[in-house]
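2 protein chains.
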Amino acid sequence: MAKRLGRRTISLDRPVYLSSHAAVVGQKEGEGPLQGTFDTVSNDTHFGEKTWELAEASMQRMAIDTAVRKSGLQISDLDLLLAGDLLNQCIGSSLASVTTNIPFVGLYGACSTMAEGLAVGSCFVDGGTAQTLCAAASSHYCAAERQYRFPLAYGGQRTPTAQWTATAAGAVVLRTQPSHIRVTHVTFGQMVDLDVTDANNMGAAMAPAAYDTLSHLFADTHTKPADYDRILTGDLARVGSGLLRELFQRDGIDLGQSYDDCGVLLYDTEQDVHAGGSGCGCSAAVLCGDILRRMEQGALRHVIFAGTGALMSPTSVQQGQGIAGICHAVVLEGV
Amino acid sequence: MAKRLGRRTISLDRPVYLSSHAAVVGQKEGEGPLQGTFDTVSNDTHFGEKTWELAEASMQRMAIDTAVRKSGLQISDLDLLLAGDLLNQCIGSSLASVTTNIPFVGLYGACSTMAEGLAVGSCFVDGGTAQTLCAAASSHYCAAERQYRFPLAYGGQRTPTAQWTATAAGAVVLRTQPSHIRVTHVTFGQMVDLDVTDANNMGAAMAPAAYDTLSHLFADTHTKPADYDRILTGDLARVGSGLLRELFQRDGIDLGQSYDDCGVLLYDTEQDVHAGGSGCGCSAAVLCGDILRRMEQGALRHVIFAGTGALMSPTSVQQGQGIAGICHAVVLEGV
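Chains L and G, in that order, are what the protein sequence lines are. With my numbering, letter number 311 in the first sequence gets 311, and the count goes up by one each step, no holes. With my numbering, letter number 115 in the second sequence gets 115, and the count goes up by one each step, no holes.
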């Protein structure tokens, strides 16, 4: 049974293990600095499908299937699927899992969805709601761009603060059975809106939320950045992660060498992604590719995964509403 | 700690109480057969706001504030807010709670969202993730229609099987402290897609999912329809609820007098809503208005609330994808 620690953090007392993980990405992501850490790199942006929406669904399903298989399980062994994405009405996730015949809980946390799924899923396994579940998230550049910004064929110019929506998906299997990685703490985030209204500067909109959640997490667990091998936000990218460092510096806290951001890690600066990567799939694939592999290998033992999301819609931005950020965090421990 | 019962159902062993509830609706809903059961009826469809999206947010926030106040609490006493709606990127719920400073978990379950929130929230309270939380859902006719179908000014014709998106919101507070209503069981639903592609016949798309979830719930708990004072789906409306009765009749099971549907209950047939009501707010307001009041008064003691949703987007429908239905159910017991 979970215990509340401090103001915000939930300490999982029943061991919740991250049993397996999988990341599936597109060609551009596969050519970046994290190449070799993904389970599948598809050179076909359509993933064999007719539409971008089905392509995203196919990619997310591939991540789920791979993660489930790596746990030595079949889809039918899952008690629950938790998933979300950026598409209107989260259709990427529905289409991905519609044929699974597994209870499905749809989440919406924008780019924080992988962390939200891990957080909700960990609480479920801790509380006995599920013994075995899968949490997944995805985004697809071609499906997202035309929905949020411009049709791809229009060739719209991007601002320097803009981020590149990753074509990527990640999935994890959480279980009560011991494995090499344990989820020990969960901190659900609140929305923080400092009235950023520029949809091409998501990093600035999300950094204050990441600061809020991480501050609570450190205070509640009586830890400091240096206690972790890796503190990973996703995906503030270059602009937002710089701001986050600044916000902590004002408190006299140096995030140090262990801090990095999934939106910075996924692409090389030469890949023309401006401030860096974004999209639910960005942090999902960096976590489920590189980070969890290194935890399994023992290279990382104590990790904070803090997914960040910008809660806006094209309609709300056109109406001049501020873009609220949110950040959900989980603490992972190598066993 | 929750226990799994049978194949799908979760039995909550730590008492989870529904401490208070509130329903806020628009004028049309306030003039229907359930008038007098809502906390607030607004004759201003804009709820004092400039846009339909902000109107929906204002209405959802009003439901949350009212429910929290009726529990004798303040917003700051909540450990968690769970909410969702129909708008792209669930912006109605983000805008509703952005100033609460409370951890926020965004859900997407289309019209099943109120049930999804109750189900996830109950598991969280049972498992110790939260002591006190609020789950909310909303929909607004004017915001939804232009997003899903046509601009209102276009005056598009509706088919007889079409449903009317309710302008309505509901919120409940769940706690560990005893009250008059307990949540005893939760059954998360799977997606069921029988290839209905008509976005004006959601009832037909959702009925098979309701049948699937309720069948599992009856089997897992060894109960039958006659064991409940009220079995409430929401919102299959006239077409879908008729189909649900038919599906159970094939198994020799009569849903009987205790079965009804929120989409049927919310409006009079004279209100020109064709097959009935729909939208996250429809089942939310019927539950949080009429049903929970009657449970508190002791008139209903054993209730199944089975929220149904159609997982589609205008894009997926235009692309010819089938509309998957989903149904999450909770069992409520008068104490």
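Check before you lean on any hint, since a few could be wrong.
If chains are identical, the list can't say which one is meant, so a pair holds when it fits in one copy or spans any two.
[As the list claims (entries may be wrong)] Okay, derived cross-link-like pairs now, EDC-like style, lysine to aspartate or glutamate, Cα gap no bigger than 20 Å in a straight line:
#1 50 with 246
#2 50 with 195
#3 224 with 272
#4 3 with 198
#5 70 with 251
#6 28 with 49
#7 3 with 246
#8 50 with 296
#9 3 with 13
Simulated from the structure, these hints should not be mistaken for lab results.
How the hints compare with the structure:
1. 50 with 246: neither (45 Å within a copy, 36 Å between copies)
2. 50 with 195: Between copies only: 18 Å across, 39 Å inside.
3. 224 with 272: neither (34 Å within a copy, 61 Å between copies)
4. 3 with 198: neither (39 Å within a copy, 47 Å between copies)
5. 70 with 251: neither (43 Å within a copy, 39 Å between copies)
6. 28 with 49: within (18 Å within a copy, 44 Å between copies)
7. 3 with 246: neither (32 Å within a copy, 46 Å between copies)
8. 50 with 296: neither (37 Å within a copy, 52 Å between copies)
9. 3 with 13: both (7 Å within a copy, 17 Å between copies)
Checked against the numbered hints listed earlier, the structure breaks hints 1, 3, 4, 5, 7 and 8; every other hint is satisfied.
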